[in-house]
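We have chain A already, so just place chains B and C on it with the hints.
Chains as they are written, first to last, in the numbering used here: chain A, 1 to 435; chain B, 1 to 435; chain C, 1 to 435.
Please keep in mind that the hints were generated in silico from the structure rather than gathered at the bench.
Wrong hints could be hidden among the right ones.
[Said to hold, decoys possible] Simulated crosslink set (EDC-like; lysine to aspartate or glutamate; CA at most 20 Å straight-line): (1) C:K422 with A:D348; (2) C:K220 with C:D355; (3) B:K16 with B:D402; (4) B:K423 with A:D406; (5) A:K422 with B:D400; (6) A:K243 with A:D279; (7) C:K248 with B:E254; (8) C:K423 with A:D345; (9) A:K423 with B:E346; (10) C:K422 with A:E346; (11) B:K189 with B:E346; (12) B:K422 with C:D348.
[What the hints assert, rightly or not] Chain B regions said to be covered by chain C (calculated; three or more residues, Cβ under 8 Å): (13) 337 to 344; (14) 390 to 403; (15) 409 to 418.
Ideal placement from N, C-alpha and C gives every residue a C-beta, glycine not left out.
Okay, here's what each chain looks like letter by letter:
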Amino acid sequence: MKKDVVMVILAAGEGKRFRPFVTDKNLFPFLDKTMFDFAIPKEFPPQITSCVIVTSSGNREYFEHVTLPVPHRVVVQEKPTGMAGAVVAASHEIAGRSIVIVIADDIADPGLLTTMLKAARPDVMGVLTAWKSKSYFPGGYIVFREDRPIGIREKPGAGKTPSDYVYFGGQYIENADLLLSAIASSDSKSDDIYEQALSSLMAEHRFTLIPHEGRFVSLKYPWHILDVMSYVLAHGLQPGRGKHVDIKNNVSLEGPVYIGNNVRIFENTKIVGPVYIGDNTVIGNNNIIRDSYIGANCVTGFNTDITRSYVGDQCWLHANYIGDSVLEGNVSMGSGAILANLRLDEGDIYSMVGDTRHNTQRTKLGAMIARDVRIGGNASIMPGVKIGTNSFIGSGVVLDADIPADSFCVASRGYTVTTNTKKIGADRHKYKAKL
Amino acid sequence: MKKDVVMVILAAGEGKRFRPFVTDKNLFPFLDKTMFDFAIPKEFPPQITSCVIVTSSGNREYFEHVTLPVPHRVVVQEKPTGMAGAVVAASHEIAGRSIVIVIADDIADPGLLTTMLKAARPDVMGVLTAWKSKSYFPGGYIVFREDRPIGIREKPGAGKTPSDYVYFGGQYIENADLLLSAIASSDSKSDDIYEQALSSLMAEHRFTLIPHEGRFVSLKYPWHILDVMSYVLAHGLQPGRGKHVDIKNNVSLEGPVYIGNNVRIFENTKIVGPVYIGDNTVIGNNNIIRDSYIGANCVTGFNTDITRSYVGDQCWLHANYIGDSVLEGNVSMGSGAILANLRLDEGDIYSMVGDTRHNTQRTKLGAMIARDVRIGGNASIMPGVKIGTNSFIGSGVVLDADIPADSFCVASRGYTVTTNTKKIGADRHKYKAKL
Amino acid sequence: MKKDVVMVILAAGEGKRFRPFVTDKNLFPFLDKTMFDFAIPKEFPPQITSCVIVTSSGNREYFEHVTLPVPHRVVVQEKPTGMAGAVVAASHEIAGRSIVIVIADDIADPGLLTTMLKAARPDVMGVLTAWKSKSYFPGGYIVFREDRPIGIREKPGAGKTPSDYVYFGGQYIENADLLLSAIASSDSKSDDIYEQALSSLMAEHRFTLIPHEGRFVSLKYPWHILDVMSYVLAHGLQPGRGKHVDIKNNVSLEGPVYIGNNVRIFENTKIVGPVYIGDNTVIGNNNIIRDSYIGANCVTGFNTDITRSYVGDQCWLHANYIGDSVLEGNVSMGSGAILANLRLDEGDIYSMVGDTRHNTQRTKLGAMIARDVRIGGNASIMPGVKIGTNSFIGSGVVLDADIPADSFCVASRGYTVTTNTKKIGADRHKYKAKL
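For reference, chain A alone in the conformation it holds in the complex (with noise of 0.2 Å):
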């Protein structure tokens, strides 16, 4: 069993992908942790004895003071040009080494890192993990030889995969440098410099394969918020209740539900876990809460209905229903609003991701809002919609396309004015109530 090998954490994304958000998904917020807590497991397997973050400048900072089971030095990706610079970025540290990538976006079993360093025999030169794809998967294939990994081929095409397991997560490499001179003699312009070296060191050497069982969580569009949220909902999640809580009559909690310091519950509200509500945050009459996490400092007013959600802090609700939508923080929405999370036809919703029309593989999805965002009474976000961070969106507007940054986006006045002929009579109670 190889000794001392090296960790090398991916955490450079651009985050392009990841519009309109503009936290760093790499320090997204989940429950009391970030991505990068869930991302990295607790406890790494005893062969892994030093660890390099390689990430943007900005977050250089943050991940020196994090705090991981062996010590750790942080080198800067100065452009993002993806998973083959950044191996690079770290030559200084892993030149010689035996090495374990681990990619930053993603959430796997812990359990993969000790099955995959197990696989590290003296005969192979690296260790590959992949899932088993049922429906044809834009990603890298794995061309196989007689049950042996040979090769990657990137986005075959439905029908011409080369076998039905998809590349994803982390590598183990015996030998750093072949993988770093690999790198260096590519002649792609594209993306998949990586994936490009992986081959070529593949069709000369001995690598095994890992299927992993069920599917992994990955960070990369900003719908996947949602998965991650699911996931570490029911992994993650530690019932319980903070101090100074105050729950007021008939409300119902079920299943396991955190809630913060200070939080408040109102009246007549039901909440179904598995959910998780910050420090601060107040639950108001009526609600219902299910499936979803609700940061710090919320108010979600009179008559909420929040499913399988994201709730960043300090967001401000009122009568609004919330499915299977992203509200990054700051995020306030006037009475009556609605994130709706479903198309008309029940089809497949689409977002866009640049100028693509991305199908998110959801047929419940709402929409995905940056911080700071204020929306209006009464106003309708269709499914998929994205709105970029200090932005408005008026009263009564139906909104069905994304909209930037920075946008002021308003009804147009769609009314007409002209003289009533009708008079209402001061004495109108010919309708009884029957309540």
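Below, chains B and C alone, put in the same frame as chain A:
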């Protein structure tokens, strides 16, 4: 007393006036039965010993299998040419017989048949029923000579009525042959051949009139679903609950309520009978449901208000107001969508029937929505509007006119986007929540 | 100490600035009283032995029948020419007398009158009250010479104020004749004749100033209804309940609440005082009502949220948000209609007064709606908007500007209809309800 009377049930209505609904009106479901079940009494007077049902070819099989107190045959009326055509279609079954004609669209007091046959004394050729109208109604008015009915005048116009009695529903005719030959000799081209034939019989033979107290219930126009529903909820509802009913905390049930098998009713909901809830339906949290029929396999969602409405099977609601409305079945409504049921001027509500604007004589009437319709969040459907089958109404639409079947109706893009010049501070908690 | 002082109550305001409301502001109802009842103390200082009320001809009869601690007469000010004209109208009643002038629009600490009369020592010609402003306010500022008030400067502009003291409310004048002749000799054409006359008296005679701690409440602009309401709820509300009150299960009452005769409050509703509810009013299910006045014969319907608002008699609501708003009376709102009370930028809310855009100095202010108005479902009324009497606002309208009386305002037909190419299957229950 005449014996061996044949009951002729007219159940061949074309249903043009019944649009947008696609279900045959005779088979329209109410409670766990159909309109036909409520229209035809469970017991017949002993004089009636056989029955013939006149229907369209599409319903022949259905009616062959209905159970009646006496043996019955089914005859098909090929073209929907009205009552006269229906009687002619049954001529083989009624030749030389005494008959009672019953219209399957109408629900009248079950004792009316007995009264009518009692009045069928030997010196009487026919017995009619009529109701006394207080204001002008566009129907057939009875013409009297010295207290004896001697004819019918169709839609004479306000102020020109020969009496206050409006002919309706079924008749007893001593000798069907006379009626058949009067129909055969009519030269009318309009749809009142039957009334003309009846008038000519009345002019020559002795007829008796039975005044009917109170208004009967008839299913001609789509809003009549609400009248029939009220009638059957008042007279046909058996309060009780089925198996595996789950009623959560703080649910209030008042008045007569029937709850089907596997129904779940969630917290803080109030149900005020008469209300019928079909099997497997889920009534969500914080609902109010009054004087309504809810079919099977529905979900009313959070915060819905259903008042005096018919909600057919497989409807899926969410924070809606459904007032005095009809949802035929498999209708979904997004959060905040409403079916308005009262004009701003609180006047009579009109609805289109063909090309004619028809006064429904109701001040409270919502929408009439055919099966397989989807309505987006925060849409508002105006009083008296009808929506055809397989249509989509987009979020935020204010629908002020009928929509034909297979329509796709979306809000115009009614907003403008400019640059937001305001900044929202991260620390916005200047407002203190008081809940 | 002067004896036999005449109190002059000025109650002749024209109310142009008080639009859209049609009720005379002196008679505007609060709790079971009027503005006048709250403005005029229940007990007078003993020096005051008679009273004259100056009012418009329309209110003469009303004021002749009010009950005051001392005998009173009513004089009519024919034209609404301001304070000077009002004093002149009363000249027969005050000639040769000492007077205290009280403005019926203002509610001040009842002890202020006593303090003012105590300060009316023999060497003093007049006593004024003023409040100390922290920031510029467009009122009349006191000019001092060596601590003695010697004049009033109207609206000097920010940075040009002669002192921090803003003159308000009533005055004591030792000799009304001097005031009357100062008014008579004024050559001002503007509406500050009274202040000019007062200034000229102050320049020649000794005046005393009484600083008033805290802000008094004045009813000049329509949004001042909310200030007066807050004042009377805080100081004039007697908690309790009338006869035949019916409060259903799970109703939560907190703080001081008055509930009138025959009031019914339905399930799952929360009321947080101070709140006043008038006779015969029905508070529906699942409401929240805070810091508000609700008049008599109202129905709040299902699911309504009323916060810091004035709801006059005979209003009919349904699933509405009424925030920081005034409904004069006989106003109806359809399901989902909202009165928004906060700008998206959370800035000061402006409202038109005549042709001028007026800063209300409020960040929370909803709509001001005159009597006999109907608002359709899902309409959204923007902060600070005023709606004139006998107007209709259609469903779905986003009303962003004032509407004059007798208006008929409807949403433009903002939708398109094409053919629906999608099919909805009858069996759509792929989603499982989790509630």
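Tested hints:
no.	hint	in the structure
1	C:K422 with A:D348	holds, 13 Å
2	C:K220 with C:D355	holds, 16 Å
3	B:K16 with B:D402	holds, 15 Å
4	B:K423 with A:D406	holds, 9 Å
5	A:K422 with B:D400	holds, 19 Å
6	A:K243 with A:D279	holds, 9 Å
7	C:K248 with B:E254	holds, 12 Å
8	C:K423 with A:D345	holds, 8 Å
9	A:K423 with B:E346	holds, 10 Å
10	C:K422 with A:E346	holds, 10 Å
11	B:K189 with B:E346	violated, 40 Å
12	B:K422 with C:D348	holds, 13 Å
13	337 to 344	holds (count 4)
14	390 to 403	holds (count 10)
15	409 to 418	holds (count 5)
Of the numbered hints stated above, the single one contradicted by the structure is hint 11.
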